[in-house]
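There are 2 protein chains.
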Amino acid sequence: MEAAKNSLKAKGESQRIVVAVDESEESMFALQWCLSNLTSPDTKNTLILLYVKPPPAISISSFDAPGYVFSSEVISAMEKQSKDLVSAVMKRAEAVYAKFSSNVNLERVVGKGDAKNVICRTVEKLGADTLVMGCHGYGFFQRALLGSVSDYCAKYAKCPVVIVKHP
Amino acid sequence: MEAAKNSLKAKGESQRIVVAVDESEESMFALQWCLSNLTSPDTKNTLILLYVKPPPAISISSFDAPGYVFSSEVISAMEKQSKDLVSAVMKRAEAVYAKFSSNVNLERVVGKGDAKNVICRTVEKLGADTLVMGCHGYGFFQRALLGSVSDYCAKYAKCPVVIVKHP
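Residue numbers (numbering that gives the first Met the number 0), protein chains in the order written: chain A, 0 to 166; chain B, 0 to 166.
So here's chain A without its partners, still in its complex pose (with noise of 0.2 angstroms):
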């Protein structure tokens, strides 16, 4: 895959943006605010969206107790929830894709692993030329813990950021 480069394709090439989505009305958002501002009729645009799941370390930590084993049950029924949820999200976002009559391919990506870094690296491999994310995604305790997924991609996406704050 090519890597994204941090240079200006010319008015009128096709560019390739990576919307990072989650469940947030604030993601929803920001992908608006792209079909809005950053897509043309002339021009044959590529939207990425990207939805990121945390790893199962995280997402099983909540329900987890000192020396409690998951059955396979449980694991296979959170695997299924997580599933689900990926599948709502990226809906939303086809749902909102739809209402706009643009001239724009939509393909999906879904990542696992720590947000922040997952958007960075599949912006780089995938070549994008803009991501675009809202500005507090990715759930409150992961923020209060590790800082703002979008100060972090502002910083070493290898590409321009746009951040979007829900009105």
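FYI, nobody ran anything at the bench for these hints, they're computed from the structure.
Zero decoy hints are in this set.
Because identical chains cannot be distinguished in the list, a pair is counted as satisfied if it fits within a single copy or across any two copies.
DSS-like, lysine-lysine: derived pairs with alpha carbons at most 25 angstroms apart:
{"#": "1", "residue 1": "Lys43", "residue 2": "Lys98"}
{"#": "2", "residue 1": "Lys8", "residue 2": "Lys43"}
{"#": "3", "residue 1": "Lys8", "residue 2": "Lys90"}
{"#": "4", "residue 1": "Lys90", "residue 2": "Lys79"}
With the hints as your guide, set chain B onto chain A.
Showing chain B alone in chain A's frame:
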């Protein structure tokens, strides 16, 4: 003046876009990004070049010595230098703008004070739809002491913020 709204305009509605410019290559690159990606020939947008001069206390302190009183000649020479700098940055930004044959009104605003506060206040006062800026603007020492201006604006500016890094 209309207050900045963190809401979406319909596609084709005219936009007010603030680009924070300074002496850096990166801010000129941010301006190019803006002209390539956020303006369209079909829409009459307004691009506002915002330059923030440091407050006098900061610009003078690097020359200052305890007990030293500046003569009026020194002060007026420093004021002239500051005006020349504003003029040089604005001229450079206008040259970048002129390279893009775009349907964009150009306005210039010069602020004075702490860059991050002045940028956020100006965005709000001007009713801006988008703020575009470099990642590392407004000097190494100020960043090291006070944190990044772009970090602050990404969090507190009342509109979507685009952070552009120089390649």
